[in-house]
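Start from the sequences and build out the full structure, keeping to the hints where you can.
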Amino acid sequence: MTASRRTWLRGLAAAGAAALVSACDRIAGDPAVRAGLKGAEQLNQGLHRVLFDRRTLAREYPDSAISPDFPANGSISPGDPTYRALAAGGFADYRLIVDGLVERPLALDLAALRALPSRSQVTRHDCVEGWSAIARWTGARLAPVLDQAGLKPEARFLVFHCFDTLDPEAGEDGRYYESIDLVDALHAQTLLAYEMNGTPLSIAHGAPVRLRVERQLGYKHAKYISRIEAVADFSHISGGKGGFWEDRGYEWYAGI
Amino acid sequence: MTHLVAFPGVDAAAPHLHGPVQASRPHSELPQRLRRVRFPGGYVLSPDPASSDAEATLRPRLWTRLSHALIAVSVFLLLPSGLQIFNAHPALYTGEVSRFDAPWLKIGARERGEAMEGYLRIGGREFETTGVLGWSGPPGEAEKRAFPAWTTLPGYRSLATGRNWHLAAAWGLGLGLAAYLVGGLAGGRLRRSLVPTRAMLAPRAVLADLAAHLTLRLPESGGYNLLQRLAYLAVVVLVLPAMIVSGLAMSPAVHAAAPWTGDVFGGRQSARSAHFLGAGLLALFIGVHLLMLLLHHPLRRLRGMTLGVRETRP
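Protein chains in written order, with numbering that gives the first Met the number 0: chain A, 0 to 255; chain B, 0 to 313.
Treat the hints with care, since some could be wrong.
Stated by the list, open to error - Below, in silico cross-link-like pairs of lysine to aspartate or glutamate (EDC-like), each with a Cα-Cα straight-line distance of 20 Å or less:
no., chain 1, residue 1, chain 2, residue 2
1, B, Lys-105, A, Glu-128
2, A, Lys-240, A, Glu-194
3, A, Lys-151, A, Asp-232
4, A, Lys-151, A, Glu-102
5, B, Lys-143, B, Glu-116
6, B, Lys-143, A, Glu-128
7, B, Lys-105, B, Glu-142
8, B, Lys-105, A, Asp-68
9, B, Lys-105, B, Glu-127
Think of the hints as simulated: they come from the structure by calculation, not from any bench. Since we're looking at a predicted model, the values are computed, not measured.
What follows is the structure, given as structure tokens:
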């Protein structure tokens with residue numbers, strides 16, 4: 000075989016491989032195909048809800064298991080002016096808003112939040128990227144907060160609106176948000192956490208208040224919470240998929 | 000060496016295989032009911048009681064072929080989408096959590112003078128892997144990524160898409176393997192075709208089998224030999240189930256309800272490591288499996304396992 004023919008064949012093979020890869024990528028990333036794959040998400044959530052007790056607690060660990068190096072992911076220092084001003088004042092002017100489909104909208108400052116029934120738990124945080132770390136989280140249990148606000152019967156989800164803009168290029172849709180259903184909202188380990196490892200939450204980890212929704216992956220644990228909105232559905236909010244990462248293709252049910 | 004690549008479940012060990020049915024008679028001489036098996040699925044779908052299982056045992060049953068197809072397609076999707084997911088955090092740890100300063104395996108990239116170089120670090124040893132692991136891509140467009148584009152699904156970087164595919168294809172593997180095992184256990188076929196016989200385990204027989212493999216001179220007789228049985232058995236009752244359990248262990252919801260899924264591996268991060276190593280074993284197994292297929296009557300074997308067309312022996 001001559002050198003030129005060999006080069007030509009090699010080029011043909013490379014072009015063929017590239018065409019195959021790009022064809023695979025087109026199929027893999029096709030919105031309709033991915034929508035079909037999302038059917039598995041419904042199956043996973045359905046199976047978990049059928050097989051597992053909704054009240055099952057995530058494992059809790061001894062203090063000795065706490066990770067010395069717990070990474071902070073996503074926003075680690077929000078530049079949003081509102082947030083900057085609150086942080087500068089030590090969050091003295093912070094008010095957690097609870098509204099939407101509730102009988103009695105709330106505006107809780109940190110002292111009010113700390114006066115509510117609380118819980119402290121040492122749990123494992125599993126990032127969607129694959130790593131895990133353990134910390135002690137202390138905060139107000141979400142269920143009593145919802146009792147105080149009085150959920151209306153049509154409320155089915157809680158949307159957590161956050162202070163931080165994670166994708167500045169997306170404008171208002173670049174702001175972080177998350178949502179959970181009432182099964183997770185009323186779970187005993189679901190907290191509005193204001194302390195990590197016994198000290199007030201640092202800015203990198205979501206000060207002044209972040210969500211702990213054990214049994215789901217890290218991106219559900221919204222940081223820098225400004226407002227909790229009770230809704231019947233979330234399709235009208237931002238990208239409509241119920242969360243910043245959900246709008247970017249990740250599963251809404253992040254229990255897997 | 001006719002059975003080297005056949006999928007377990009082809010119950011070829013039965014003694015009646017060596018009877019006249021499998022002789023290479025011209026097609027036209029076969030009775031009508033035997034000729035019918037040459038059509039895909041026809042024999043199994045409309046069983047003729049008179050035809051017994053003589054020729055049925057010469058090829059995989061429909062149940063085996065369907066579950067094999069489901070498992071094959073699923074694994075074909077799970078391996079590259081798994082590498083895409085791994086690329087999101089290309090480091091492995093032991094225990095329940097990540098000790099970020101002490102991964103036992105890490106793939107990364109760093110500057111080396113003017114250029115970038117990729118590396119793979121295992122324990123204390125480091126290997127330069129530029130172009131494949133850590134740093135790869137077309138000239139001028141190379142990027143930092145653990146596994147190269149041609150090994151991942153999708154080729155471009157997208158953890159979300161990789162997870163969509165992986166978590167969907169996992170259903171295929173779970174259902175396919177369950178179907179395969181239930182079918183195999185119910186009929187006793189798994190035990191007959193995959194569990195080594197006492198005679199095979201005699202020291203002399205073991206040595207003979209090893210020698211035959213090392214010299215690539217494998218017996219043409221029916222049934223799986225010792226190494227085949229051990230390899231298939233390990234994959235279907237050990238590696239694939241372990242892949243499913245270690246995958247489930249990584250789900251925080253499953254871990255809350257069934258912490259044993261992580262504990263059997265020594266923690267969630269150990270389970271993630273086991274998942275990765277198991278994928279490596281599977282890739283190795285599939286490589287040998289396909290190589291053997293290519294080396295020995297690939298078309299005949301492929302037809303046997305897909306369409307169920309009966310094998311004729313040379």
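How the hints compare with the structure:
no.	hint	in the structure
1	B:Lys-105 / A:Glu-128	holds, 14 Å
2	A:Lys-240 / A:Glu-194	violated, 29 Å
3	A:Lys-151 / A:Asp-232	holds, 13 Å
4	A:Lys-151 / A:Glu-102	holds, 6 Å
5	B:Lys-143 / B:Glu-116	holds, 9 Å
6	B:Lys-143 / A:Glu-128	holds, 16 Å
7	B:Lys-105 / B:Glu-142	holds, 17 Å
8	B:Lys-105 / A:Asp-68	holds, 18 Å
9	B:Lys-105 / B:Glu-127	holds, 12 Å
Checked against the numbered hints given earlier, this structure breaks only hint 2.
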